[in-house]
Amino acid sequence: MPALTRIMLDVLKPHHPNALDLAMAIAGLAKDYRVSLRVTAVDEKTESAELTVEAAAIEFETLREAITAMGATIHSIDAVEVAGDGGRSED
Amino acid sequence: MPALTRIMLDVLKPHHPNALDLAMAIAGLAKDYRVSLRVTAVDEKTESAELTVEAAAIEFETLREAITAMGATIHSIDAVEVAGDGGRSED
Amino acid sequence: MPALTRIMLDVLKPHHPNALDLAMAIAGLAKDYRVSLRVTAVDEKTESAELTVEAAAIEFETLREAITAMGATIHSIDAVEVAGDGGRSED
Amino acid sequence: MPALTRIMLDVLKPHHPNALDLAMAIAGLAKDYRVSLRVTAVDEKTESAELTVEAAAIEFETLREAITAMGATIHSIDAVEVAGDGGRSED
Amino acid sequence: MPALTRIMLDVLKPHHPNALDLAMAIAGLAKDYRVSLRVTAVDEKTESAELTVEAAAIEFETLREAITAMGATIHSIDAVEVAGDGGRSED
Amino acid sequence: MPALTRIMLDVLKPHHPNALDLAMAIAGLAKDYRVSLRVTAVDEKTESAELTVEAAAIEFETLREAITAMGATIHSIDAVEVAGDGGRSED
Amino acid sequence: MPALTRIMLDVLKPHHPNALDLAMAIAGLAKDYRVSLRVTAVDEKTESAELTVEAAAIEFETLREAITAMGATIHSIDAVEVAGDGGRSED
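Chains as they are written, first to last, in the numbering used here: chain U, 3 to 93; chain R, 3 to 93; chain E, 3 to 93; chain Y, 3 to 93; chain S, 3 to 93; chain A, 3 to 93; chain D, 3 to 93.
Among the clues, some could well be false.
[What the hints assert, rightly or not] Result set (DSS-like, lysine-lysine): computed pairs, CA atoms no more than 27 Å apart in a straight line: (1) E:Lys33 / U:Lys33; (2) D:Lys33 / S:Lys33; (3) D:Lys33 / A:Lys33; (4) S:Lys33 / E:Lys33; (5) Y:Lys33 / A:Lys33; (6) Y:Lys33 / R:Lys33; (7) R:Lys33 / U:Lys33.
Calculated directly from the structure, the hints in this document are not laboratory data. Please read all numbers here as calculations on a predicted model, not as lab measurements.
Extracted from the complex, chain U is given alone in its bound form:
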C-alpha cells in the first residue's frame, strides 16, 4: 500500500489550545511525526494555520481525529505527497 509521507492542511482552530499545544498533540500520535504549524490569519475567536506533517507513513484518520479532538477543523487538504511501495523503500 502506498504511504502518505507528507500532508499540508489548512486548519481552522480556536485560540485555545494554542499552536504549540496543537502541534505537540499531533506529534505525539507516532514516534516519527515531524510537525510544523504556521499561523496564517488571526480572527476574534479563531485562527487559521497551515499544518504540515511529515513521516514515513502518516495515518490520516488518526490525524483527523486528533485535530477534531482539539476543537479544530480541517478546512482543506492543500498538498499531499505519497510514495508507492517501491518509491518508499528507495528513500
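Once you have looked at the hints, place chains R, E, Y, S, A and D on chain U.
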C-alpha cells in the same frame, strides 16, 4: 523507447474523492510512483489541482484511466520530462 | 513525549532591555539554545520582534517566564516545529 | 566541432499531438536526449510551449525536422548552450 | 555564559571615516571578527549602513565603543544570534 | 597577465545567422569556450541577445572579430570577470 | 592587521577604457585579485559600474589609484568585508 520520468497535470476533480484519496490511488498504480498534489482553486462543486507524478517510467494511459475512474479529468498536460534510453540508464 | 525543536514568536518588548540583552537572557536558559531575534517594527515606547529559538527540546513555560520577566509579552506563536520521539532520535 | 548541449525553443503546436507525445517523439531521436516541455499559453487551436532539450551533442536539424513532422513550428530559439571540444570533454 | 555570534546593526555615520575604515577598525577588535558593511542610504552629511559582525563570541560593549569612537552611532540593533554554551561547542 | 574568465555582452544581431549558428561559431574559436546565448528582444530586422562566454582565458579581440564577421555588433560589455595570475591557478 | 577580503564600489567611468580594460587593469594589480564589473547605467559620456574585487588582502590605496589612473572615480564604497587576523587564517 524513451521513458516519461515526470509529468505535471492540471486536474479538475470533484470534492470527493479528496486530494489524499486521489493521490493514494495514483501512487498505488506502480511501486515507484511518487505523487504530489497541490490544490490550486476551490469552486462550489469542483477543485483544481496540480498533480505531479515522478517515476523511472510512468505509463500515461494507466495514469489517465486512474484519474478518470476517480471522477476527475485532465484539464491539461502542463509539463513533462522524458529521457531517451541512454539518458535514462545514465541517471 | 514529543519535543519542541523550534519556535517562532512575535514578541512586543519595551526598548529596554534591548534586543541583545533579551536574546542573551533567553540563550542563558539552557546550554543548547540557539536564539535569533529580528526587530520588525519600532514604536515610541515599544518594539516588535520576531524571536526564534531552536534546540533539541525547548521548554516553553520556562521560555515564556523569561520573556515576561524582561517586561516583554508574547503577542503570538507564529510557527512551531515538533518532533515525535522517533523523529527526534533520527535527527 | 563545438557541441550543442542545451537548447530552449519557443514552439507553437496544435493541441494534437499533445505535450507528452511531442516530448516522447523528440526524446526518441537519440539515446541520451533529456526533454522537458512546459505549456506556456493555450489558444483555441494552438498552444505555445517552451521546449528544452539537453544532451551531450544535439543535432539541431534532426530536432527541427521532428518538430515539424509533428505539425509544430519553432517560433524562436530562445537560448542555447554550446561547448567547444575541450570544454565538452572536461564535463 | 551564552555567546553573541552574530549581530546586525543599523549605524548612522559621517562620510569620514568611510565604510572601509570603519569596518577595518571593527575587524581589528579581535582576531576572529568577520565584518561586513553595506551602505544603505546617503545624505548630505551622514550615511546609514548595515553593519554585521560575526565571531565565536562578540563583545558588544567593545564593539559599541569602537563605533562611537569613529563618530558613528548605533541607530538600532536589528538582529542578533546567540548560542548557549552547549549550542556553541556543538558548532 | 590577468585572464578574462567570463564576459557577458549585449549583442545586436540580424535574424540570420540564428542564435544557434552564432553560438556555434563562437564556441568554435577555442577548445574550452562555453557559450550561452539568450534572446532578449526581437524586432523586425534584428534581435538583441545576451551572449555569455566562459573559459580559462578568453581572447576578447578574437571574440569581437567573430561576432562582427557574423553581421552582429557588440552593443555593450555588461559584465566581466577577470582573475589575476595567482587567482587563476587557484581555481 | 585585519584584511580587506571583498569590496564593492560604485564607479563612474568614461566609455573608454571599456569595462573589460578597466577590470583587466585592476586584476593586474596583484596575483590573486578576482574582479567582476557590471555596468549598471549608461549615459552619453559616462557609465556607472558596480566593481567588486575579492582577494586574500586587498590594498585599497593601490586599487583607488588604479581606478583614478583609468579616468574613473569611486562614487561610493557600497560594501566591504573584512576579516581579523584569526578569522582570515581560518578560511
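Hints and how they fare:
For the hint pairing Lys33 of chain E with Lys33 of chain U, the CA-to-CA distance comes to about 25 Å; that is within 27 Å, so the pair holds. A threshold of 27 Å between alpha carbons decides the hint, and for Lys33 of chain D with Lys33 of chain S the separation of about 25 Å falls inside it, so the pair holds. Taking the CA atoms of Lys33 of chain D and Lys33 of chain A, the gap is about 25 Å. The hint holds against a cut of 27 Å. Restraint check for Lys33 of chain S and Lys33 of chain E: the C-alpha separation of about 25 Å stays at or below 27 Å, so the hint holds.
The suggested pairing of Lys33 of chain Y with Lys33 of chain A holds, with an alpha-carbon distance near 25 Å, which does not exceed 27 Å. Between Lys33 of chain Y and Lys33 of chain R, the direct Cα distance comes to roughly 25 Å. Compliance with the 27 Å bound is thereby established for this hinted pair. With a CA separation close to 25 Å, the supplied pair Lys33 of chain R and Lys33 of chain U stays within the 27 Å bound.
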